[in-house]
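In order, the protein sequence lines correspond to chains U and F. Going by the numbering used here, the first sequence opens with residue 1, and the numbers climb by one from there. Going by the numbering used here, the second sequence opens with residue 1, and the numbers climb by one from there.
If you're looking for bench data, these hints aren't it; they were derived computationally from the structure. Just to be clear, a hint being listed does not mean it is correct.
Using C-beta positions, here's what the derived DEER-type ranges look like [claimed, not checked]:
| id | chain 1 | residue 1 | chain 2 | residue 2 | range |
| --- | --- | --- | --- | --- | --- |
| 1 | F | L130 | U | A286 | 53 to 61 Å |
| 2 | F | G19 | U | D242 | 43 to 51 Å |
| 3 | F | A77 | U | S195 | 27 to 35 Å |
| 4 | F | V11 | U | R71 | 48 to 56 Å |
| 5 | F | R12 | U | R71 | 50 to 58 Å |
| 6 | U | R231 | F | A107 | 45 to 53 Å |
| 7 | F | A89 | U | R231 | 24 to 32 Å |
| 8 | U | R71 | F | A8 | 53 to 61 Å |
Cβ-to-Cβ under 8 Å is the rule here; a few derived chain F residues that face chain U [as the list claims (entries may be wrong)]:
| id | residue |
| --- | --- |
| 9 | V11 |
| 10 | C42 |
| 11 | G44 |
| 12 | A91 |
| 13 | I110 |
| 14 | P125 |
| 15 | L130 |
Some residues of chain F that are not near chain U, with every Cβ distance over 10 Å (derived) [said to hold, decoys possible]:
| id | residue |
| --- | --- |
| 16 | D10 |
| 17 | R48 |
| 18 | P55 |
| 19 | S58 |
| 20 | E87 |
| 21 | A89 |
| 22 | P90 |
| 23 | E100 |
| 24 | P112 |
| 25 | P139 |
| 26 | R142 |
| 27 | A156 |
| 28 | A167 |
All C-beta atoms, glycine included, are put in the ideal place defined by N, C-alpha and C.
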Amino acid sequence: MTEDEFAAYQSLAHDTEDHRWAFGTGFTDPLEGIDASVPDGVDAAALATYCLMLGDDALIYSHRLQQWMTRLPELEEETAIANIALDLLGQARMLLARAGLAEGAGRQEDRLAFFREENEFRNVRLVEALDADFAELTGRLLVFSAWRLALFGRLATSRDPVLAAIAAKGVNELSYHRDYAAQWVIRLGDGTGLSHDKMQAALGAIWPLVDELFRADEVVAALPGAAADPRELRAEVDAVLDTVLAAATLDRPEAAPMAQVAGKSGRDGVHTEAFGYLLAELQSLARAHPDATW
Amino acid sequence: MVAAAARAADVRAARQIAGAVPDPELPMVTLADLGILRAVECEGEGERVVVTITPTYSGCPALPEIAHDLRHRLTQAGFTDVIVRTELAPAWSSDWITAEGRRKLRAAGIAPPGPAQRRQAPPGPVPLTLTATRREPVPCPRCGSADTTQTAAFSATACRALFRCEACREPFEYVKEI
Chain U
1 MTEDEFAAYQ SLAHDTEDHR WAFGTGFTDP LEGIDASVPD GVDAAALATY CLMLGDDALI
61 YSHRLQQWMT RLPELEEETA IANIALDLLG QARMLLARAG LAEGAGRQED RLAFFREENE
121 FRNVRLVEAL DADFAELTGR LLVFSAWRLA LFGRLATSRD PVLAAIAAKG VNELSYHRDY
181 AAQWVIRLGD GTGLSHDKMQ AALGAIWPLV DELFRADEVV AALPGAAADP RELRAEVDAV
241 LDTVLAAATL DRPEAAPMAQ VAGKSGRDGV HTEAFGYLLA ELQSLARAHP DATW
Chain F
1 MVAAAARAAD VRAARQIAGA VPDPELPMVT LADLGILRAV ECEGEGERVV VTITPTYSGC
61 PALPEIAHDL RHRLTQAGFT DVIVRTELAP AWSSDWITAE GRRKLRAAGI APPGPAQRRQ
121 APPGPVPLTL TATRREPVPC PRCGSADTTQ TAAFSATACR ALFRCEACRE PFEYVKEI
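Isolated chain F, as found in the complex (with noise of 0.2 Å):
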């Protein structure tokens, strides 16, 4: 009974580190913010930690840092034994962003993304998209303005697209509906 209670104290620690871990690319953000920490278990008699992480895009070069930091800051936090594992599906949508990670990009100047097209059950076929006109306007994280511009589709990671804002003309980033 002490042991499962000290166990489950545990869990609730290596849940709390692994999940304030903040992402290499966007650090305003956190692991648990982006979506992207998948489980916190331990294994055996409580020193084993098992992590599990989704990748946002299949070549996100942040991927080993992250697992670096887990184990770094696991392992300070005096838990021995840390495996980070990876895991593909299902497949890491923005929709997991949570509203106080979505918060933090707006604060930082990124706007948060909208809500992801789900396509019907696969294998049915992707619908093009043959402008760069958006259905749901982007609204600039600065002024908060709807009249906004895509100047480009991709950005400095694979995860934001460029807007422009007409009302103020800054340039800012947007996280992608994926």
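Same shape as in the complex, but just chain U (with noise of 0.2 Å):
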């Protein structure tokens, strides 16, 4: 680093009074200085519900890609996963932010990230699982990232204007995270026997729980113009799904959807086991230290 560059960082420190160098140490409000008044015709409480299922798509699932920290194979792929986690958090706190502001009853992002209950969580099951491996991880991400970005691209000319702008950036960046898992999932797919074996595999776990994501919502229904149709995704995110896995010279799994407990999945709060076993950790020091600052 030259002296220069290094005067750049000298002018942070020395300019503010109480700098703090670790990041993280003056949340402020996501959406602060931003009109959240919902749109007339809008129904504020269904559009609540519904960025806090899309919400906690994003926050369950960026969990559990951060739990891969320092697990990855190379330092590259932990600087990926690191950032694809960053970014949905990022979606995550300004969706759980206008999910709150949509309400009405004064709840903020870490009041409803973290002293929520697992049955008033309504992420999709997909994102829950631990990976069993590397090909689960790639697998899994490029399912998902698959779907959200045709969600996304539908939901940036939502009517509601918040909800159309957190979707146009998130866009950007799902465009990116899909690409990475794509390439993955292509080179160990078409790569050694074994890695086709076990990428194979992969796909055979995770498929069961890919039908969730394109069922019909009632919460959906009460949106129109302002929510996406999870149904009228499945065309493009089949389509994408299909250059993947005839690039990587894989199968479609042939895998029967995962049962629902009397008619209820993950948007209705019903999860799967491990589910539990993530919330705690997600929550335990939020909730040993209540309100607290630092």
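These two chains come separately, so use the hints to put the complex back together.
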């Protein structure tokens, strides 16, 4: 590093009296100063629930990806997965904040992330499972990001301008996530016999949870023009997955969808066994020290 | 008339101070260079400055630091009431990095972004990229060679990728087009 470059960092340190090198010490509302009023004709309660769903998907999946840190095969994959998890956490923060504002009961993002119970989370079950290996990580990331990219592409024109802005920003990020995952699925699928078999097995483990991503939902039905119908995403996502699987010499698994419980699944707050353990870890610090600041 | 002129001078001064704040992740460039400073306005009788910024990526952890630096520097310059607002739409694009910002990045050994690929009007699907091969080569910021290879699509921050120059064999960072 040249002296000039170093001087740039010095200027940061000297100019502020109470400078803090560690980020994350001054959290502010991620939607601060944004007009959060709900447009006329949009059901505010349904919008709040919908933003919770999309925010929970990102929050829980981000946490699962963070659990991979220090365990990935190469440093480059560490930075990639850390950045993808960070993008999703950023999306989760804005969506939970949006949910809290639309709800109008004064719940902020931290309250929603750390002080809700398991059955109050609305995420799809795809994001709850612990990946068995790197192949499962890339397969799940491919399915998740291809689906979320198709969803956010449509939400970029949502009648709720805040949701539209969050989605439009997310599209740029998710394009990178999907390409990263697709390139790894192809590398492993079209790699050695062993990597092919592991990749194919990983898809088999993930596929029972894919169907749930495209199920009709009554919350979506209550938000015409503001939410996107999951059923309409299927063709676009299938086209992407088929392209990647063909290039990777992998077969689309024939797997029956994971059973629902009395007709309910992730979006209704009914989750898999792994979710309770995940949530216990995710929420433990905030619950041990409620309202702590540092 | 006098008040209006004083107020215009205030806005100019505030804009200059805000625009000169260095980015905490890329301190060789300023907020104005990066294109994340959306607006600087005075409200009321000029005692309130409202600065509007936009995040590069959704999870950008530098945003609270940037807001803190803006409040601090404007307060030091005598503005007593400083408000920093975030604006999400339209989403930030690397195309907003100024020519001066690109020059500074290159001088610091970081390759500036090429033009961002714009999709057709949403909700058109985003095309897949199945290989790391790029259509436009990224020239090495040190030796200028176009013979470079991407080693990772992500780097120390969300906005950068890692490259290696095959001519001078140096690794370098590249600000991704988005």
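Comparing the hints with the structure gives:
1. Checking the proposed 53 to 61 Å range against L130 of chain F and A286 of chain U shows it is violated: the Cβ atoms sit about 41 Å from each other.
2. A hinted range of 43 to 51 Å for the beta carbons of G19 of chain F and D242 of chain U is consistent with their spacing of about 48 Å.
3. The hinted window of 27 to 35 Å between A77 of chain F and S195 of chain U is violated, with their beta carbons roughly 59 Å apart.
4. The hinted range of 48 to 56 Å is satisfied by V11 of chain F and R71 of chain U, whose Cβ atoms lie roughly 52 Å apart.
5. Separated by about 52 Å at the C-beta atoms, R12 of chain F and R71 of chain U satisfy the suggested range of 50 to 58 Å.
6. Taking the beta carbon of each, R231 of chain U and A107 of chain F are about 52 Å apart, inside 45 to 53 Å as hinted.
7. Evaluation of the 24 to 32 Å hint for A89 of chain F and R231 of chain U yields a pass: the beta carbon distance comes to about 27 Å.
8. The supplied range of 53 to 61 Å is met by R71 of chain U and A8 of chain F, whose beta-carbon atoms lie about 57 Å from each other.
9. With its C-beta approaching chain U no nearer than about 18 Å, V11 of chain F sits outside the 8 Å limit, and its interface hint is violated.
10. Residue-level restraint check for C42 of chain F is violated (minimum Cβ-Cβ distance to chain U is 16 Å; threshold 8 Å).
11. The restraint placing G44 of chain F at the interface with chain U is violated, with a minimum CB-CB distance near 16 Å, outside the 8 Å limit.
12. Because the smallest distance between the Cβ of A91 of chain F and any Cβ of chain U comes to about 4 Å, under 8 Å, the interface hint for this residue holds.
13. Taking 8 Å as the C-beta contact cut-off toward chain U, the hint placing I110 of chain F at the interface is violated, the least distance being around 10 Å.
14. Because the closest C-beta pair between P125 of chain F and chain U is about 5 Å apart, less than 8 Å, the hint holds.
15. Taking 8 Å as the C-beta contact cut-off toward chain U, the hint placing L130 of chain F at the interface holds, the least distance being around 6 Å.
16. The Cβ of D10 of chain F lies farther than 10 Å from every Cβ of chain U, with a closest approach of about 20 Å, so its non-interface assignment holds.
17. The claim that R48 of chain F lies off the interface holds: its Cβ sits roughly 13 Å from the closest Cβ of chain U, which is beyond the 10 Å cut-off.
18. Not every Cβ of chain U is farther than 10 Å from the Cβ of P55 of chain F; the closest lies at roughly 8 Å, contradicting the non-interface assignment.
19. Separation of S58 of chain F from chain U is inadequate, the least Cβ-Cβ distance of about 3 Å not exceeding the 10 Å criterion.
20. Interface exclusion of E87 of chain F from chain U breaks down, the closest Cβ pair being 7 Å apart, not more than 10 Å.
21. Residue-level check failed: A89 of chain F sits 4 Å from the nearest beta carbon of chain U, not beyond 10 Å.
22. The claim that P90 of chain F is not at the interface with chain U is violated, since a C-beta of that chain comes within 10 Å of its own (minimum 7 Å).
23. Interface exclusion of E100 of chain F from chain U stands, the closest Cβ pair being 15 Å apart, more than 10 Å.
24. The non-interface label for P112 of chain F is consistent with chain U: the shortest C-beta to C-beta separation is roughly 16 Å, beyond 10 Å.
25. For P139 of chain F, the requirement that its beta carbon stay farther than 10 Å from each beta carbon of chain U is met, with the minimum near 20 Å.
26. Remark: the non-interface label on R142 of chain F is consistent with the geometry, its nearest Cβ contact in chain U lying 12 Å away (cut-off 10 Å).
27. Residue-level check failed: A156 of chain F sits 7 Å from the nearest beta carbon of chain U, not beyond 10 Å.
28. Taking the minimum C-beta to C-beta distance to chain U, about 21 Å, the non-interface status of A167 of chain F holds against the 10 Å cut.
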